[in-house]
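Peer 1: These protein sequence lines are chains A and B, in that order. Using the numbering used here, the letters of the first sequence correspond one by one to residues 1 to 672. Using the numbering used here, the letters of the second sequence correspond one by one to residues 1 to 303.
Mixed in with the good hints there might be a few duds.
As the list claims (entries may be wrong) - Computed list of lysine to any residue pairs in SDA-like fashion (alpha-carbon distance at most 25 Å, straight line):
(1) B/Lys178 with A/Met383
(2) B/Lys178 with A/Val179
(3) B/Lys178 with A/Glu364
(4) B/Lys178 with A/Lys157
(5) B/Lys178 with A/Asn445
(6) B/Lys178 with A/Arg370
(7) A/Lys157 with A/Val179
(8) B/Lys178 with A/Glu446
Unchecked claim - Where chain A lies over chain B, by a calculated footprint (3+ residues, C-beta under 8 Å):
(9) 67 to 81
(10) 136 to 148
(11) 174 to 187
To be verified - Short derived list, chain B residues pointing at chain A, Cβ under 10 Å:
(12) His9
(13) Gln266
(14) Glu271
Hints were generated in silico from the structure; no laboratory data involved. Glycine is no exception: its CB is placed at the ideal position from the N, C-alpha and C atoms.
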Amino acid sequence: MDGPPSTSGILANGNGKLAEPDGGPAADDAQAVFRRLTERPADLLRFATAGSVDDGKSTLIGRLLYDSKQVLSDQLEHVEQTSERMGHDFLDLSLLTDGLRAEREQGITIDVAYRYFATAQRRFIIADTPGHEQYTRNMVTGASTADLAIVLIDARKGVVAQSKRHAFISSLLGIPHIVVCVNKMDLVDFDEAVFDAIVEDFDTFAARLEMPDVTFIPISALHGDNVVERSEAMPWYQGPPLLYHLEHVHIASDRNLIDVRFPVQWVIRPPASSVTDYRAYAGQVAGGVMRPGDDVVVLPGGQRSTIAGIDTLDGAVEEAFPPMSVAIRLTDDIDVGRGSTIVRPHNQPTTANSFECLLCWMSEQPLSPRRRYLVKHTTRMTMLGAADVRYRIDVETLHRDETATTLGLNDLGRVHLELSSPLVFDSYRRNRVTGSLILIDEATNETVGAGVILDTEVDEAETDHAKSERSPNVRWQGTKMTRERRWQTLGHSGATVWFTGLPGAGKSTVAAAVEERLIIAGRPAFLLDGDNLRHGLNGDLGFDEVARSENVRRTAHVAKLLADSGTIALVSLVSPYAADRAAAAALHVADSLDFIEVYVNAPLELCEERDPKGLYARARAGELAGLTGVGAPYEPPPEPDLVLVAGEETVGGEVERVIELLTARGLLPGAP
Amino acid sequence: MPATYHLSHLRTLEAEAVQVFREVAAEFERPVLLFSGGKDSIVLLRLAEKAFRPGPFPFPVMHVDTGHNFPEALEFRDRRVSELGERLIVASVEESIRTGRVVEQTGPRASRNTLQTVTLLDAIAEHGFDAAFGGARRDEERARAKERILSFRDEFGQWEPQRQRPELWSLYNGRIRKGEHARVFPISNWTELDVWQYIAEEDLEVPSIYFAHEREVFARDGMLYAVSPFVELMDGEQPFAARVRYRTVGDMSCTGAIESDAETLQAVVAEIAATEVTERGQTRADDRATEAAMEDRKRQGYF
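Pulled out of the complex, with its shape left as it was, chain B reads as follows (with noise of 0.2 Å):
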């Protein structure tokens, strides 16, 4: 170590997003980690490992499952919960659907994107969590640019921008009333390109559609999706096989995939570092549909 005492813009930001998931396990009585299979909640399940080990996490970890994910996610979720040796609890969009709490859509721009925020609420109102990690970043969206680390959601699950509390130096307020929860989001300060240079510099595993491969996808909208059984094709719309990668882990249904030769890490975080066009902008259907598209979801209770 020099004896400048330097410290990397990377390694401070672990540092602080650390210093949140200790505060947060320590002032809230049952929180639990949202993972997704997705490279943030990849880095959020590393940064618990290094606030708590070598004890184990003091939360299980949550997946609400659409049952449009990918597969290679869901298969990757399934074993790096099982290699950690936590509890994984599967909140179900399929269950929310067949018990009459959410409306299936219908057609070909069918999503169950805004589904899963009831099946959230509802998996977060039964297990009685009052804190829940997710792995969402200001650098997205302008929306969560004006998020807390610590999020407010009423017992409705409803986040108010105006009404949210100030957030100084480090000292977080974590006081809630019953039936009131907070989103916690460790690496709010944490950008795109500092994701995947962590996952990098820490050598972890990531799901496989990460990576460059041949896949059987449409356009629309001036994105690829991938053909599935969870989307109508409209006319026109002709399957072709490409080389591509995903930015984004999400549904099947509204995450597109970009033509991409980066099959490693490195290129990974090589092209990332090149990009002409932002994550959300270029991937997910879910945040081009209005101009206030994340600040409405974010509203009612999503992520």
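Chain A on its own, in the form it takes in the complex (with noise of 0.2 Å):
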């Protein structure tokens, strides 16, 4: 059987020459140039290439552009000269790729270097970077954009520690196809069995790293065989050569258009004067099929809304997908600002404060926690608060070394990253725009790692405590100070007690009362009232099921810090879902704390017809969205340690019914 066709049918190169099939004068004229230019788009493949001088990988370079020729008259002119100058006896082909002076001068490459080109097909930007081991950073930028890697295997030297390297930063960056070259095929005679071993060993290696599409090319380079056209020299070889790979290659579905996400970026809006209210949340879609009419929900916030309509210059559109950068309008006049993220209600990222990630780290100065780092992702930037580094992996054993405790330059490692404001984001393997950072020094401003969000689902079993020991400079820092020891010396020990119930059913009066007799009494106690937290701690929260959600996590944490030091925390918030409370519960129990839900139960009429705060007023004249009771719901604790009936009894003796529990579990004195 045939294999498939040579190239053909090269348009135009980065320069933009026009290569003629036939290698004759253009004849066309230039409205049937255009008209092809435009009439059929082209579509645009990034790839890395990714080897050292060694491998050949400058003479590949040269070698697609010159034999599909594109390198124009000046720039061969420049190789020529060069070439005889440095003393060769033949065309250096790899002059075409090195930029700057001290490369030349070096003969290396020391950055990431951007080449273009076109075929019919295709316009291609490769991202061509050094493959020497202190340049681990360089590879990781330019992989970090990249459709398709192109990873260099000299085939005398078989898979070498290096070829490992590349393959496996290739699969950390989540590259979707992957091309083994295998090049110097001429100087092992062809030969089909060194080519087969050479796919063998890299499928064994291969096997155990995340590779969704590898294929394998036997090439030279140097001669130009299978890298345009097809070899004469490997007819057991049935596969295509390297170019058409890449034009045919498919990457529409690499990606993500299942998952809403919109980072805003940038609030569009003129003047009062020249358009009247118009607002528009201006960004790049980072994920999923947006269209107006789209009911939306705002992270971190939470709040609702629906798309009113997508902007560009060139008109309003009915979709946007990635990577389009577009403005979108919502029927709400809600708080969006940079740094938001527009999702769908029920296709929602994780947002949180910490998080698993693969860290390569870029600077000669370690990762260190006495350093300040400022973490950039999609639009937002917040401050890291502690890493800690589980271990840092060998690239070509993949060995991990559990007992790193910082990273040093080149180095890649996981990492758990605590910061002091949540992210909202996906897992890398999810999305690559969503689930990647950036890592700066703030006092320096340089760039000194990037990480890949990892999912938080399969990492659940090594994010124990236990684990974070190792490393004992970056971790939550553990004291002598014991609880048994505080509790004793100070007294008393410290609880949790949560009062739940409808808006305006009482919780806070009673909770209030409660926290007054303690005090009065010599107790440490601490109101912990849910409006108040909602200025400060969760000043950032809306009232959506998520946000609600993470309010109660929140406080539940807060909680139990306090009832840690000893003080009886009194929580008093609706709380309105009984799994968020079980989780509250579920906290305080695993650590050894007491935890007592008390139901503040007052019927809905009660309620509303107190109305303390003006809410149900609101939310029944449309003003006020999912309020508990009227527009979401409240689920009632099944087991709760203490109900109280509103209108059962006076306050004081509400308190007196909460004084007597906390007695009777021995957290007061007097207790039998």
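These two chains come separately, so use the hints to put the complex back together.
Peer 2: Here it is, written out as structure tokens:
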């Protein structure tokens, strides 16, 4: 059977030369050429090449450009002159790509260089990255935006450490397509067995990595075999030459068109005089397909709205998808700004301030708990609180060094990050935009790290506290003062009393009265009032289901800290969902702390009648959506420790009941 | 829109450039857009419209006027910026010469090309700009192929290729210290052909010198230069009339014309698609001076 055809129809290179298939002069008239360029718009393929000078990487790129008649005459003249001056008796095609003086002088590549060429099928951007070990960071940089990576292997040497490193980094950065070019086949007599052995070796290594699509091509960059044209010397190879593969590999489905993700970059708001009340949120679609009329939720606040329109300079559009840059108008006047992420209500990313990621360190200053780092993720900037290095990965053996406590230049490792404020993210595997971040050293402003966020579900097993003991300098500080010593010395112990119930049921009133009673009795107590917390700690949260859960989660953590300190934390929070309260209770139980659930039970009619904050009136007037009891459900506790039924007794009586319970639990003196 | 959600390469490049504009406008305090009246900065203006309309540009537009510019380009510059309703700042090399900041070269090969670096840096300092959008492309020249989209300049405006910040995904690190600034190149990944194709697709106006016209020229070093008050002829250089157009718009003293019959955008696109020589190699004397000419000028603070 014949293999696929050789590449043909090369149209224009980056600088724009139109190569004629027959080498003759351009006969097309201007209109025909113009039509050909515009009527069948090409798509864009970005690929990264990794390999050292020895692997023939520069030669391969030079060969791709040269054989496809894409090197312009002044560039070629330059290569000829320089080759001669350097004493070569051959045309050194690597000179086409080595840009900076230091590189030419030292014969190395020190930085990512970008090259451009085009065929009738596609436009190509090559991120040409050096292969030396000390430049892992450049490879990560070049690979971060690539659709495809070419890994070069010298046929004489086989799969060496460096090939493994390149394959590993490509897999780490989620490059969907890998092409392994086995180069210098001419030096092994175009032997099929050599090629097969390398393929098998590589497959063995790659089985441990995540690589969805790997293609192997035997080539000779120096002589041009299987680069642009099919090789006559390797009839046993049935696949296409490299350029044909690059032209035809299917990349359209690599984008995430499922999960709507729109990080807001900028708010477009013309001066009041010019366009009445125009307000649109500008950004680049990071995932999914957005349409006018779609219900959306804005994270991390959680406000709901609907897409009123999607604008561009060329007019409104009916659909926006990645990587379009557009401006979104919403039907409601809600608080949206740079750093907000617009998503669909039933397909939400994670909002959290800690997660696991794989980090590539790019600075000579190692990761240090004594330095302050900024984290940039989509359009949000936050501070790094703590980084716990779980292990460092040897990129050649994939060995995990669990004794590692920090990362140095060009190190890769798995790190648990705690941030000062939450991010709205997906795993990198799911979305390369919402799953990636960079670290910036606050003192030097240098970009020092690049991270890809891992699937958290997969990681549960590893995030337990015991593991984090390994990095004493960068982890949550343990102290010598134990809870037992603290409570014993202070003479009292802490606990959390959680008051739940409808808005207006009287939770805060009774909780505040309990607080007063305890303090007067010389017993440390502190009221955590839901409304007050929303002014500060939880000020960024809205009122949808997710935001309410988060509200409960944070409040539970604060209460737990207070309880641990020996204080009685009195939480007054609607906390409408049973599952959230169960999680709050579990958090305490797991740490051997008392959690007492008090259900303040008042009928909706009574609460509405009282309406101390006017919330029900606003909800009934349609001004307030999602008020618990009106627009959102309240799930009563199935087994509360105490039920206070409204109207059955005075506030003073209710306080007595709580004090009795605390005494019975041994939290107050006078216990039997 | 087809169900495959296809975006052509040109619209992909456009979307990325718009993203860069919005990031920089959001993260920097005082950006400025450098506009020469040339094709690349014409594209920049359109991309800024795409990024910020119906709002105003969150930055002014600035031109470094060498005093040796083509009159057609200057006329176009003023008209275009006023059509957009944006603010134009002109930084003048003439002024820098008058105040003694730079010394004019003399002789038939005199050029103000290197002088404009000082004028540019002075203007950036004077206005306190912390980011300057420019139309440089990586396909233009080998040193530019290695420059970042956000390229940092120290307090002396200098570029240090070995100390560039890694640039990953579309996450730009816009943090700088006081006195430093960033050059921002939103069309880094565009080629000359992309620029022309975009101008044609968007039907953008360009200065008339980009189209074939009759002009009095003379030949030097294998290039055709316009006869102008800014260039002294050397012995043996005979002016003659030719049908030419320009591929780049720089100073009259160092920008060469090419013989061409291309009178429409379509014809220009076709001509670029068929060219055998790079744009800088064909028409810019400044890049032919030494092998590392561009690298050296960039290190000093050039565009």
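Peer 1: Give a verdict on every hint.
Peer 2: Status of the hints after comparison with the structure:
1. B/Lys178 with A/Met383: Holds, at roughly 21 Å.
2. B/Lys178 with A/Val179: It is violated: about 45 Å lies between the C-alpha atoms, which goes past 25 Å.
3. B/Lys178 with A/Glu364: The given pair, whose Cα atoms are some 24 Å apart, holds under the 25 Å limit.
4. B/Lys178 with A/Lys157: violated (51 Å)
5. B/Lys178 with A/Asn445: holds (12 Å)
6. B/Lys178 with A/Arg370: Since the Cα atoms of B/Lys178 and A/Arg370 sit roughly 24 Å apart, the hinted pair holds (cutoff 25 Å).
7. A/Lys157 with A/Val179: holds (18 Å)
8. B/Lys178 with A/Glu446: holds (15 Å)
9. 67 to 81: violated (count 0)
10. 136 to 148: holds (count 6)
11. 174 to 187: holds (count 3)
12. His9: With a minimum Cβ separation of about 4 Å from chain A (threshold 10 Å), the hint on B/His9 holds.
13. Gln266: Where the cut-off is 10 Å and the nearest Cβ of chain A is about 4 Å from B/Gln266, the hint holds.
14. Glu271: holds (7 Å)
The earlier numbered hints that this structure contradicts are 2, 4 and 9.
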